Structures are given as C-alpha cells and as structure tokens.
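Taking the hints into account, I'd like the entire structure generated from these sequences.
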Amino acid sequence: MTQRCPHCQIEIHAPKLHAYEDNFVCPHCAATLSHSQIDIFLYAFCFIALSALLLILVGHVNAFIALAFAAVGYRLCRSKLFESHFRLIRCTY
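Heads up: the sequence shown runs through residues 7 to 99, numbered per this note's numbering.
Derived from the structure by calculation, the hints contain no laboratory data.
Don't take each hint at face value.
[Said to hold, decoys possible] Between beta-carbon pairs, the in silico distance windows are:
#1 A69 x H19: 38 to 48 Å
#2 D45 x E17: 17 to 27 Å
#3 I71 x R96: 39 to 49 Å
#4 I62 x H13: 37 to 47 Å
Fair warning: this is a prediction, and the values are worked out from it, not measured in the lab.
For glycine and all other residues, C-beta sits at the position ideal for the given N, C-alpha and C.
As structure tokens, this is what we get:
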C-alpha cells in the first residue's frame, strides 16, 4: 500500500489500520501520521448502506440481518479493498 506523506510528499508504505494504535511515524520526516477518520467513516457508510440496500431489495432479506451482513462484509473487505484509498493526515494531537 504505497501512499504519499502529506508532510514531506514522499511515497511511503502506510501500515494497515490494525497494525497501529492511534498513529504512526513517517520513516523519512518523522511526522506523526494517521488515516483520515472521515474517509474511514465515509467508505464504511457507503459500503454498508449500498450492500444492505441491495440485500433488502434484491435478496428480500430482513433489514436487521442485511445490516449485520453488510457490517461484517465491510470488516472483512476493508483491508483488501478500502485501506489503500484512505488519505493520510498529519496528527496534530
């Protein structure tokens, strides 16, 4: 997963979300970085809403069960499909 550091603009390999607690450090400039929380919530909401809607409308699945399947599906697909698209931000805290 190659992404660009927002501070030094050099390509870095950002760790997966489960590999760090709050933030990580850029190996080139030592800036404290994190994945954008807005991107994480936006991708999660869109994926869960669309997949649950498809399950409800096409599969005639109960809404509660469809939301549960969509949430589990997002959790399983997040590291492979979505994490490379999350922007990196510089932590100010």
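Against the structure, the hints come out as follows:
Range check, A69 to H19: about 40 Å between beta-carbon atoms, so the 38 to 48 Å window is met. Evaluation of the 17 to 27 Å hint for D45 and E17 yields a pass: the beta carbon distance comes to about 19 Å. Restraint check, I71 to R96: a C-beta distance of roughly 41 Å satisfies the suggested window 39 to 49 Å. At roughly 44 Å, the beta-carbon separation of I62 and H13 lies within the given 37 to 47 Å, and the hint holds.
Going through the hint list in order, the structure satisfies each hint without exception.
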